[in-house]
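S.K.: Read off the chains here:
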Amino acid sequence: MSYSPGISLPVIQQPEAIMQQVAEHKGCGTHGGSGKASCGSGAGQNDLAPEIWEKVKNHPCYSEEAHHHYARMHVAVAPACNIQCNYCNRKYDCANESRPGVVSEKLTPQQAAKKVLAVASTIPQMTVLGIAGPGDPLANPEKTFETFRLIYETAPDIKLCLSTNGLMLPDHVDTIKKFNVDHVTITINMVDPEIGAKIYPWIYWKHKRYTGVEAARILTERQLQGLEMLTERGILCKVNSVMIPGINDKHLVEVNRAVKSRGAFLHNIMPLISAPEHGTVFGLTGQRGPSAQELKALQDSCEGEMNMMRHCRQCRADAVGLLGEDRSAEFSTEKIMAMEVNYDSETRKAYQAKVEVERDAKVAARQSELETLAGEMSDIKVLIAVATKGSGRINEHFGHAKEFQVYELSTAGAKFVGHRRVDLYCQGGFGDEDSLDTVIRAINDCHAVFVAKIGGCPKDTLGKAGIEPVDRYALEFIEQSAISWFKDYLDKVNRGEIEHSVRGDADIRQGAFIAA
Amino acid sequence: MAYKIVSSQCTSCSACEPECPNVAIYPKNGTFVINPKKCTECIGHFDEPQCVAVCPVDLTCIVDTSVPRYQATA
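Protein chains in written order, with this note's numbering: chain C, 1 to 516; chain F, 1 to 74.
So here's chain F without its partners, still in its complex pose (with noise of 0.2 Å):
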């Protein structure tokens, strides 16, 4: 249920973090992480996923596939 950054790739540039819907986006260690248990993948929010579509650097923010996806629940 959710997208993670690829750390190698973000250049921690920070556009992400005020996107995010759910404020799940946070610095750590030096670059930014999203916290999984609040990720929805923008849905419901918009159509695409914010950190996608405003990251400048491509594949940096992918799906996590360690956990499932995202379902809207309404």
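Next up, chain C with everything else stripped away, as it sits in the complex (with noise of 0.2 Å):
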């Protein structure tokens, strides 16, 4: 995985079928208060030059939006890494970037190619393929493009990615475009080597093991190099970044503009997760990760230069399904070997093409919702919480949420600003009420949570605790029930019936993925 984030869990058994669901990503989604913003949240089709926004709009990794949608896999062909970092244990599963660790299955080509096939065959909406590790895919050059070649002659339709640490990035650009890989992923935690070296105690390169600022120098260098090769070529670059609060959490807003500078398209900033039990320099530290405002503060700051991707899930390199459901104990290795796969794109085209006459009737609500607030002068901000299986609707059981999406209202409108994960809260080891304790910290900064459906308990504690439960809108449209409970909210407030408070912070779960 792009080296990233890594930590690492204690590996307690993580068996395949983990592949947490897809339902990871999800875009950069905003539209900007500063008008900048958005890849593929509704807002992005006006942010992004077109030739852009066709590419990015039914990705899954890149819109918030389109994650509602459609779908992506990632195949774990690349066990070989070539950087250590400090938020990674190699030994164990990386919390960060979801790399699988050493109990996942690993895949050749032959078997991952096939099960690209059978998924995209069975999941109509799957139309993204990336391979970002477990190690780094450039530092496994033969598996990856091996992995590419397949599908690429069999499938042209499903677009391919790839995530890397940049390390090796300059000497495989050429193969990267000669297999149409439109999407690359660079994890850039700094430009300042100094800095480097407090994140990277060594990296592999040219046949010798450097450390200190000599490898994190040498590290930018090709990160950076590589980085300008992409956008010479026209291949579409992300920029992952780890929030490490005390190393590199000022330093990021500087990371953000020599890579936008140099032509990356979207920046995501994702929060440390860091724990002692991972067994991760950083874990063993006591490294702390940054809580839920102050990832928002620094990804508010940023906004004004590029576009920020908000809902990355961290999410593990095996994952297969999409938002809110899990469909990886269909696809274990065994089954999909024994499986007659016949590919059949026109099955897959017609299922796409309903999807989006869908994703136009969400946009047309929105828009019409948003005209009634026109007019509206106010400076309130307010986040809520929405319980969402995809689809653009508010369509989840609030018992049954692994995560809630956050977005900011205000007279502009809605704007998707994050999720938050509940789903480790909720398993074994707790009771009922502790979890939905835990719940509240994780939306503890919303004013209101929008589900489909909600008991009776659970409504009484979230109201004592300020968060107002909404079920009115149970299976409505997302944007525009929430600008619609918005405008109601104002008027109240107008009136004196409420008056408005700001809410707090909210906490970011501390934890690697263990199953979904």
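If you are wondering where the hints come from, they were derived from the structure by calculation, not from laboratory data. Everything numeric in this text was worked out from a predicted model, so none of it was measured.
Just the calculated beta-carbon pair ranges, DEER-fashion: (1) C:Thr108 / F:Ser7: 17 to 23 Å; (2) F:Tyr26 / C:Glu214: 31 to 37 Å; (3) C:Gly212 / F:Ile62: 22 to 28 Å; (4) C:Glu340 / F:Val67: 46 to 52 Å; (5) F:Ser7 / C:Arg288: 34 to 40 Å; (6) F:Val67 / C:Ala329: 42 to 48 Å.
Backbone N, C-alpha and C fix where the C-beta goes; we use that ideal spot for every residue, glycine too.
Put the two chains together into one complex; each comes in its own frame, and the hints tell you how they fit.
M.R.: Below, the structure is given as structure tokens:
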């Protein structure tokens, strides 16, 4: 994986089954306060150059909005890595970039290609295949490119992506172009070698292990050179950065400028995930990750500069599925090898055409609702949390939600600003009340939570915590409903029925994904 | 005359396999092993043993004390 963030978790069985739902990524989605941004989200269309929009609009990893309708999968064909990160322990799974650990299944290029075709034939929403690890794809160039070749020849409609630490990128840019890989992600955590030395203990390059500032200098030079080469060739490049408070948090603004000036079209700043049990350097030294509001403040401050991505779920490198579902068990290697796969691009096209109709309806609904906000003048901004399993609708039960999507509401409309995972908290070892507390901590900065359904007991507890449970928009479109609710909220404030107050901070879950 | 891989440490990531100038490393029983007859400790090829330099887990590729150290012939 692009070597990025990596922490890892003590490996506990990670059955290959885990492939956490694809769910992960969602996009950059924002339309920014500053008028910038947003890949994919409704606004993206207006913010991005048309040729870029055309490339990213169905890409779940680049667009929050697209993630409601399309899925991506990763195949773990690239186990070797060529650098060491302090947030990664190679013996275990990586919580930050979701690198599967040593117990996870590795696939040969042939197995991987068959798996991709099997999944694509079964799940017509699957439009993107990524190789992100478990090591670095470009430290395993034969395996990575052989996989791309097999898929490119059989299913040219599937988009190919690659996520790398960038060390070997300049050597492979032309091969990347040859296989029509049009999306590359580079993990860039610094552009200052002094800071880099605190993040990367060593790199392996040209038959030598480099350490300290020298290692970081080589790495940053190679990363930026690779980025420039991609830009020259018209290959879209996203940059991932791990926000490490006290080490690179302030510096990431400079990173943002450096990558923007070299042509990166999207920047994804992710929180460090760090705990002693991950066995990583940062975990053992007690390096903390940022809070939800610290992360949002940094993302907001970079947003004037370029598109920010806020939907990244730091998913595992072997995830399969759509938002809110886990299809991994259907696609174990054993089952796939026994499967007859007939790749039918016509069925896929027909399905995707239907999806586009639904997406258009959603955009139209938001627009018409937004018009009713016209003329409202207020500086008030509030966050709301939404329980959804996709399609852009409020269609998940509060108690079943594994994550909440967070929207910022203002008179400019509803803007997707992130998501909060709560699945870990709800897993074993906690009673219902405890897990409700952890959900509240995860969405504590929100004024309301929108759900399809909610029980009486959590409803009361949420109300007491100052978070209004809203179930009257069940199954409706998210943004349209949010704007409608916000109008009511402003009306009540204006009439003096309620007093607007600012809410506190919230937690970002600190743990690796164990099972979906 | 050789390095060896501590199998309990090896993550089987395969990083070492293509780096070995002697093609002495191969997969066996779920991890990788070094053929001591082929290993030259990278003497004459590189400044440092490549398996050690690339391995992500410290103390995984170590000198095998059960065989004599490699002597360069040239």
